[in-house]
Amino acid sequence: MNITTIVHITGFALILIGFWGMLTQKNMIKIILGLAIVETGVQLVMVAFGFIDGRTAPILDSAVELSKASSLIVDPVPQALVLTAIVIGVAVNALMLTFVIRLYQQKKSLSINDYKDLKW
Amino acid sequence: MTRMDDLKKRTVTAPDGEVFTVDPMKEYFCDKRPEVQEPAHPLLEKFFNWARSNSLWVLGWGTGCGSIELPPLTTPRFDMFRYGVQMRPTPRQAGVFIISGYLAVKTLKRVIRAYEQMQGPKYIIALGSCTINGGMYYDSFNTINRLDHYIPVDVYITGCMPRPEAILSGFVELKKRIRAGKAEGANDYAERFDWYKANQKKVIKGWDMPDYNW
Amino acid sequence: MIKRLIPLLLVISLFFILLKVATNVAPNYDLTGVAKTYAEQGASDLGAMNLVTAIVVTYRGLDTLGEVTVLFMAGTGIALLLRRKKKKNDSGIKNRAASEILKTGSKLLVPIITMFGAYIFINGHLSPGGGFQGGAAIASAVMLMFLADSSFKINHKVFVLIESFSGIFYVLIGVLGLVILGADNFLDNRILPLGTFGTILSAGTIPLIYTLVGLKVGTELASILDNMKGELE
Amino acid sequence: MVNPIYIIAILLGLGFLLPSINKAGIKVTVTIFFLGIIAVTAISYQWLSAFLIDGQQAVQIFTAGFKPPMSINLQMGLNEAVLITLINFGALLGAIYSFKYFAENGIQALVVFLLFILGMNGLVLTRDIFNIFVFLEITSIATYILIGMDLRLKSLSAGFKYMIAGGIASVFLLLGIILIYSKTGTLNLDGMIAAVSAAGSSQILFVGVFILIFSVVIELKVFPANGWALDVYEGSDTGISAMISATSATALLFVLYKVLPLASIDLTKMIVIIGVLTFVVSNLFAIMQKSTNRLLGYSSIGQIGLLVFVIASKDILGDNFEKIFFGLLISHFLAKAGLFWLSGIVKAEKIQDWVKIKKHPILIFMFGTFILALMGFPPFPSLAAKWSLVMILAENGSFLWISLVILASILEVLYLFRWFGYILKLEDSEEKVEKPQHQLHPVYIVTLLLYVAGFYITRSFDAGLSINFIPLAFVGILFLIDFLPVYIKNTLVMIAVSYYGYILVPGLDTLKLIFALIFLVGGILTFIPGYSVKGKRIGFYPVAAMMYVGLIGLIEAETFFQFFFAWEIMTAGSYFLILRGKRSMSHALSYILFSAGGAYLILFGFALSGAETGSILLTSLSEVHIYATMVFILLALGFMTKTASIGLHIWLPGAHAEAESDVSPMVSAVLLKAGVFGLIILFIAMRNNDVSNLFYILGWVGAITALLGNLIASFQEDAKKLLAYSSIAQLGYILFALAIMTNVGWLAAIWYSITHFLYKALLFLAVGAIVLKLKTHKMYEMGGLIKKMPMSFISVLIGIIALSGVPPLAGFGGKWLLYNAFILKGWYFQGAIIAFSGVVAFLYLFKLIYSIFLGPIKDKHRKMTEVSVWYLIPQYLIIATLMVLSSKPRMILEKVGLYFKEILPENTVVWNGDAASTFVNGKLFGVWDPFYIMIIVCVMFAVLLGFLLFASRKATKVEMFNIVYSAERPESPQTAHFSYNMFSHYRKALGFLVLPLVTNFWNFITDLFHSSSDFFRKFYNGNAQVYIMHIIGFVVFFYFILNGGIF
Amino acid sequence: MELTLTSRILYSLLGLFIVFNYGLLQSGVMRKIVARVAGRYGIPVYQSYFDIIKNLAKRSQITHGIMFYLGPIFRLGGGIGLFLFMPMIFGSIYFKNFSFTGDIVLLMYFQFFGMLGMALGAGEAGHPNSTIGISRGLAQFTTVEISFTLAIIAIAIQYQTLSVYNIVAAQQGGILHWTLFQNPVATLAGMLSFLGIMRHAPFNVVMAPQEIPIGPPTEYHSTYLGMLQSNRAILHIVESALFMNLFFGGATNWIEFIVKTFFIYFTTVFVGVVFPRYRVDQSVAWFVKVPLVIGVLGVIYATYIN
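Residue numbers (this note's numbering), protein chains in the order written: chain A, 44 to 163; chain B, 8 to 221; chain C, 32 to 264; chain D, 77 to 1123; chain E, 10 to 315.
Lysine-lysine pairs mimicking DSS-like chemistry, simulated, CA-CA at most 25 angstroms apart:
(1) A:Lys159 <-> D:Lys1094
(2) D:Lys936 <-> B:Lys16
(3) A:Lys162 <-> D:Lys366
(4) D:Lys423 <-> A:Lys159
(5) A:Lys159 <-> D:Lys366
(6) A:Lys150 <-> A:Lys73
Hint data in this document are derived by calculation from the structure and do not stem from the laboratory.
Throw the hints in and build the complete structure from the sequences for me.
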């Protein structure tokens, strides 16, 4: 059980927990939180995929010899991707919460079951 | 709408919205008077009369109780067919009208209509006493007493009721009259049309027909 | 029962999908593909110590531009969605004043946090961090001020201007790459000299871009906070 | 060339700029906003023209000065250029449509819209998988904001549902990206595709690719993970819905196109299934839909499903993929955008409320254009695309897909045309339609573009090159000059038809000549009554001309595609014509449903044939052997829907009866012959293809059609319905005669075609004119009109004598030929049925002429006058023709016989003078001397008439009640008119033959579809959480199928 | 040897004269026979002459309109036309009439010529009973035609021709060559339809004198009626002759013609006095049962022996 596996499993578990929350919680904010948990899980998994046991961060400072950099650092790409993913996730979550605020103002309810006017 | 109203003037709307009046009495019926039909050339007329006398088509309509005596005529015992007498169901084709017995005013109206719809030359055989003087109904309020005041009769057959034999002899008598060229009832009706009409209108209350039924 | 059963079934099914991934993950032992190229050439190509920054700002600069756009758009959208009616009645509920500790603490901390944020984005190419992180730190300073002082208002005009122009400059820097270096050099950091590896003024436009991003993110997040903090109706 | 990066730069730069120049005022902002969009549109158009005109090669644009996989690269090729031009132009129009709405909501809306465009451009251009994710998020977030910004409950809840779904899709996408990256080490699409195909089987890749592609598919709103999407379409502002349906769907489709090469064959097949399923199910659910925008949403999703199917079938479609994809996409794009915009202008919640545009011909025209384009009617691009799609699918033996695509297309026809029917036929509402100019202009433009695109795209198909667009252009001109008074347009149309005939006729062989004459002469004759109409008769001439263009196109057609193209034009034109009738809504709908169904069967048949022989010529049908039976059945069924054979006939009576008075002869006498023409083409081509059993069956079908048609006609009270059923029966004769497949049989068929054209046109013109004048169809409400309309009476008299087959008129020729044909063929019992039904015709013919003209005249008709002279002129022209043909049929029949002699040498007719005779083993079989018979009958008639007139010269003319009525008189004209239920005794004896089994069957089918639609659409119960379940369930379900089990 | 047109017309008129008189007399004789069977003396055999002359000699006349004329004209035209298009005497160039202009199909459809005209004329008369009669007549006639068609198809199969003249020719050479013996089933079907065509009892509900006073000709009288009667005389003989030609070997001289047509026509009279009248729906249904089956069997038989 190395650290990658632990992070992987944590990530997957968060994904499942998040989905469980999304599927069972009626409160819209909780559903958004569920989605946020899923996102976090995915982000963890992403980072874990770039991780190599025993290596250092992809910063070529004094700890890393430039010529051997490729054998000393972990994969920088997933980290770059996660950065983007996090920012986008934040944006979406903020927007979703905004929608919830506006919805709540109209119906004074946070239950997802109360917003079924559009159907069939 | 009662039957009387059927012939009253009415306002109708055409499909294109035009509103106009319809007068059924004028527009549904031909209101022309009958005319005297001149016989053909005497020789030809004789030939025609011979044929007419041998082809007597009787309107199959029993107007009164006497009509009970007509069906036996078609049986083997009397067999009127051998004289060229046949029944026709429609006045258009019939030449002989048998008024069989008493004639109620109500029936008279129909008789007149049927008679007028027959094509000339046409003949009328009046059957039984009632057609002559009203018979046992002479004082009835709704039975006519004398038929030839209303339509021209060619042959009267007396009796109450006359036997089929008597009717057969009536046919023979009619044949003789036809051959002699005396059976011109249709022309008589046309000539004295006003007189007949007046008589008819006298007894028929609420005359709601055109004056002549073609 | 059934209401729980279906989610359960679905989550179990998802579990099996993820299980398949988990059981097949082989630990990496070496860098492969593009990562290896980055590791080998990144420093010499772009002159940035922080490879993640190199990737974020230059190699995958278009992503970052998009990212900034997303955040900008989220801010704009939230402003749009939470827009207030023109006639605002100020005589509404008075917010309860913050505690003395918070007030004092914030006065102490806000400048430090802001400075720290600025440090993060200015040093983005040298050390962990960058425009987004720095921006977020600055925004947290603004948030602290909101918490400390209920009547605190940000200067919208200034914020908007900062937001706009940092964005525009970012785009312009990208376009400068096209103008100076050629059709394939959008967002190339090499329109400025790469400088000495490992110093602040190195890695071409990366520090500049990260500064702009930092400003932009900071103001945007702050605006979002401002919009979401209430006072509706 | 302007670097496409500038598109991104401009949009982004302006997006960032706009908030800061808020102070400058809304006008400046909006101007800048539009300038930006125009600029990017111009850039994309510049690229498009470079590719199209200068033949430029696709270019790669790198960023940051590095080559992929190190940096992100963009690709600009023809496909991309087309798409971004489409998207940017669509967005420009959308912006024009919506800018006021945006401005009302604040300057931010403009910014978001710019970034929305940016996102879509990026999606199309980028070749980097993670970049796709970023642009996808930009597009999605922009969409969320645009949906929610008006702050209505509807749009907010729809937006929220969309966000949840989008959020799930994006986490799946991220997961997929990282899984694939972990195995391939690159994010560049091209590198990834190469690496995936090189990697062989890897479980992680398997899951990664699956999740990646399914996340894109979910974004594409496929069934069943699309409940949220419908709510979005319904809940959002129409301008936004238009953008979602048109532009962003286009960009997303292209994303699918880009990532699909990653997929394994099995996964691709799965996408194929999902696409078709979406197309079918969406259209099925749509048929019960009443809400305008939701209906459009269903339709959108259906169309996108079809496009997903096309993309996933790319390998099968090969070289034609682009044309098919763009053909369908452009139709969908323009039409759906147009429809949503129109919906926003009309502001009608329910589709029934659209009736308020009834008074606005331009809106109706545009609406019609859009729905026709959606369904794939000519001349729109989707026709050629669908055509090619089916052709290629058939080549690959994908018959199931073809069937499903056809089924869904028919459902689409059902709800779209029903909607169109509502517009034209429901009770007019008082509501006014406001027509804001800035909103209308985009709709005008897309309408125009649809035609332009139709022309160019149809011509880009090999098959489309041969289409003659000039007549269609004439139809277009007619639409433009529709404001002119009737007599000008009428004259113009007649001149055009004559001129077309003048240039067309000399080059035709006998068979085509006959049908060309039927169509052209029929056209001219049936246009003459048009002069009697006052006013403008908006919409009549273009659609009538359209029908005739289609008919003539059939004559000219050499290839399958030309034929099909003409067939669809004709169908559409005739549908609009029929729809003009007062109570024709449901009948026109069933007409178009059957016609469309028939057309699709024809398409299927042609496709099968093409698949086997590889040829596109109509004559190549003769080379079909493997699929001969199928091809024959499909084509025959297709044509028989038009000829209304029994079982497929239920559309005809209503359609023909409820059409306008001068339209009935067009559709009955002329249009039905199109089906006959098709059958003849089919039979000629496939006579030697071992389908003789089918001919035998068709013979029976024809006979039974004839019998039942005539029987049902006898029980009609509606004059035009009676004639319509009579047409069914007459077409039954023709089918029977054709199926005999001997020379004399075909002579009979041709003769019937000609004479039926003449006498049915005559009867429909005469009866139609009377119906028009009397304002009733019911025969028992007519009566006695002979005195008021003697000219019409003579027409009808000649018509019924000709129809009944009584010598000496032309109808007898048909009977005689038919008897000879079926006895020589040995089809005795079918023949007996035909003979019997010929006699049954007397029942309704008598009823027709008696009930209308004889008997007592009704009071309200007493002042009736003769019908318009414009109706009488064609009638008497027809009578003259009939008389000539009756006495001298050799003129035509001999040529026809010779023409068919090479094809069908059996049982020819030998001519001797005017006499026709048939021979068996050298011995005389049958003989017919029409001229002699005509002379004898005429002389006899003249002598007897003379005698009678002399004998009854003194006859008294009497009136209608001078009848012996048991020495009474009738109460009213009605009592003396024995018309209603005239053949009750016949019904008592033979009524069991005319039980409405077929109608019940089709009712059952439609009920089945409607009730299943109503039942299954409850699946979308409006709860966002349930939608989440749908999405996850959708993913796991297909995952397990693909995986072949849980592990 | 071919006749000139003029002489063909003259011979045809002569034939028509013979048929007309024979028809008048024959109907007298038939009625006489019926009367005698009933124990009556009966009408004179020449009664029909009186009736026709009388009708033509009627002095007054009405008309319901121009179509009213068409009834008698078409009716009589139909009878005469049928006569003209039918070969009367086989082997005689004089009484072949104009049969070369058409075949059995022409004759079948020419039957409708009269019916149609009568229907129109009666319709113009405006009497509802006429129309009722017409509707019944047409309805009944449709089903009558089924077995007739089947019988004709059987004959056409058997003799490989539709030409009546050739059909007769094929039956020459002895009594056993008649269709009656060659295909008794088809003959039976044909004769059953003949009952319907002649409209004697049990198929005379069309006229139904007691119910809808004689149906179609209700309004016809005088000259019109005379023409109708003339047609009746001609038509009875011509229809009988048609069946004679089809099933009973035709006739080579007038004697044979008279004998055969007499007996053929007599069958209808015979059936008529034995069976009571059907309602129209009953007769329609009856014709699609028994004669239809027999007709089908006849066709099958003809196919089989051919």
